[in-house]
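The lines below spell out each chain.
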Amino acid sequence: MSTYGTTRHHHSPAANYSNRDRVTDYHTTLFRRLTWDGTVPLEIRVDPKELPANSDRNLECYFVQAPRVSYLPLLMPEIRRFFMDLVFDETVAKDIKDDEWWFETAEGTLVKWHWPVGLIYDNHTISASLKPSTSRSSANVTPLRLILHLASPPNDKLLLSPSPDACKQAFMGQLKEADFIRWGSTKRMTGLRQQDQDGLWEGIKEHNFDDYWRVASKVTPTTAPTRAQSPAPPPSSASMVNRPPSADPGGPSERDGAYNVRSIPVRLYLPDGPVIQDLVPPMADDNTPRTLSHYLTDHIPLLFPAPPPAPPPSRTNLHPRPPPVPRPAYALVQGIVMPSETEMAWLGGCLAGADGWVNVCIGINSQHS
Amino acid sequence: MLTRLQFDRACKLFIQKYENSPPSMATNALRGWLWNDHPSISGLGYLSRNTNYLSRDTGSSVYMDSDDDYAEFDEAAAPIHINTESLMSQQYVVYSATFQVPCFYLTMYHSNGASLSINELLASTLFGPDILREADTTSFALTRRSTTFPLLSQGDHPTTGRPCWFLHPCETTAAVEELLKEVEMVENNEEEYLLRWLQVWFMVLGSVVNLAA
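Which chain is which? The protein sequence lines are A and B, in order. Residue numbers for the first sequence, in numbering that gives the first Met the number 0: 0 to 368. Residue numbers for the second sequence, in numbering that gives the first Met the number 0: 0 to 212.
Calculated from the structure, these hints are not laboratory results. Check before you lean on any hint, since a few could be wrong.
Said to hold, decoys possible - With a Cα cut of at most 25 angstroms, we get these calculated DMTMM-like pairs of lysine to aspartate or glutamate:
#1 A:K186 <-> B:E170
#2 A:K217 <-> B:D135
#3 A:K156 <-> B:E133
#4 A:K186 <-> B:E84
#5 A:K156 <-> B:E84
#6 A:K167 <-> B:E133
Stated by the list, open to error - Simulated DEER-style distance windows between Cβ atoms:
#7 A:A305 <-> B:R48: 17 to 25 angstroms
#8 B:S138 <-> A:P76: 17 to 25 angstroms
#9 B:D36 <-> A:K93: 27 to 35 angstroms
#10 A:D97 <-> B:G160: 44 to 52 angstroms
#11 B:S138 <-> A:I95: 32 to 40 angstroms
#12 A:A150 <-> B:R161: 20 to 28 angstroms
#13 B:L53 <-> A:P131: 47 to 55 angstroms
#14 A:A150 <-> B:S138: 30 to 38 angstroms
#15 B:G160 <-> A:D297: 21 to 29 angstroms
We put the CB at the ideal spot given by N, CA and C, even for glycine.
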């Protein structure tokens, strides 16, 4: 089993654990690592009508493989450097102020500064799913083409201040909201030392998994292999095996597990619609874990109809199965189509974004668009 | 806390109660609200109204910001210390899905359509002059010291998606719940309770912003 925070340390793992440190199981770590390492291709070009005189048109496009968990304001320095240093004519570049720069997709949708890059990408994928396209290939990952405008941001449609500070505040706000949704209070987040809170954003800025999760593991619920009913032994690890439960009140416990939250922080993005957010308790009414299927049928039953019951058994068919249900739509989380039996609590523990939120993007299947 | 259904019900009862009341100091804050639904998705309804404020020239450095446009659009060519520019505001009461309580969102524009900066917003008659006390301002938020969330910051309207300023609901909720304890409830009448909840909420909101413009 792997543990957090020790991959770069050479002293004994036990010495690193405070009461609030957790031993996170391999499975959860794997998915968190995959989420963290996820990237999407961006292709950025300046609106040709705004390209300053004497720009080097051979270099009109900036390509970047951006981390899903990052934000456009954090990518601005490298984007700015490319265009100012390499593309724009030197004398012209001096007069260009980048505080009025803003982005649009090639289809004319405004790009939000405070959305994580992965969400911007997936939201674009689902918007595109509405348009019939003969050349769209679902097998290839296509770059998200963005148009960079250099002036006159539409202030009535885009939040002001795309500064990294504004971005950090929005990010911290999302983390606190996620904390509130899970537990009804923000005390896990506010209980972190200021240095640790800042460390979360530093982890994003530097794109450092260990730095980010060193702090995040204190506030993010784990999906330990044990489940709701029976208290089972915690995941084994060298430092925990000899410690009796009473000596470690902060150790991995059911109390703080992903299946014990009040609600999972999740938002639903429709292809051309608003963002839907509602309470999502981890367990369904029948006390089984709430699945993606439950969640989607509850909120968008026309796109995710409830499976009809199986017909009664007959002489010719002793174990009839329910008839297959047409699937007009699919759900993406972190860019991956999710199976309908995925448990919401599991998503909350393993596939949430760095801001604590699970973003479910709904796309329309091509034969229906 | 209210469920979304309770919020919807409370808003509709509220509109009904005040839509025909004559204008008065007491009811100005409570009149003029309309209910809006999302065109295709249920459960995203909110209250809205349009109202006007004035910019308030305090003579302080608030106006010395880098927003060069401001001086040009100062239409009242009056003595410097009196500034009566009319500002247009769209106000919304939306349901906060995270905190499960109402939340106040707004936009405010100069008469030429330009958005206000945060300094201009704070200097308008929407807020009282003590709004800046014990608080730190950036270009994107106003935060009271030692609070978890900024008091005033930017966010997308949950139904329309348009960027707005909003007041963080946490403090309003705590005050509302305290006050509700003091008020005798007709326990078995949920409609009465919901209307009262929202009235108290508006009252608390009215202590932070000027709703009776």
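Structure-based check of all given hints:
no., hint, in the structure
1, A:K186 <-> B:E170, "holds, 15 angstroms"
2, A:K217 <-> B:D135, "violated, 29 angstroms"
3, A:K156 <-> B:E133, "violated, 31 angstroms"
4, A:K186 <-> B:E84, "violated, 43 angstroms"
5, A:K156 <-> B:E84, "holds, 24 angstroms"
6, A:K167 <-> B:E133, "holds, 22 angstroms"
7, A:A305 <-> B:R48: 17 to 25 angstroms, "violated, 39 angstroms"
8, B:S138 <-> A:P76: 17 to 25 angstroms, "holds, 19 angstroms"
9, B:D36 <-> A:K93: 27 to 35 angstroms, "violated, 51 angstroms"
10, A:D97 <-> B:G160: 44 to 52 angstroms, "violated, 25 angstroms"
11, B:S138 <-> A:I95: 32 to 40 angstroms, "violated, 20 angstroms"
12, A:A150 <-> B:R161: 20 to 28 angstroms, "holds, 21 angstroms"
13, B:L53 <-> A:P131: 47 to 55 angstroms, "holds, 52 angstroms"
14, A:A150 <-> B:S138: 30 to 38 angstroms, "violated, 18 angstroms"
15, B:G160 <-> A:D297: 21 to 29 angstroms, "holds, 22 angstroms"
In this structure, the hints that do not hold are numbers 2, 3, 4, 7, 9, 10, 11 and 14, in rising order.
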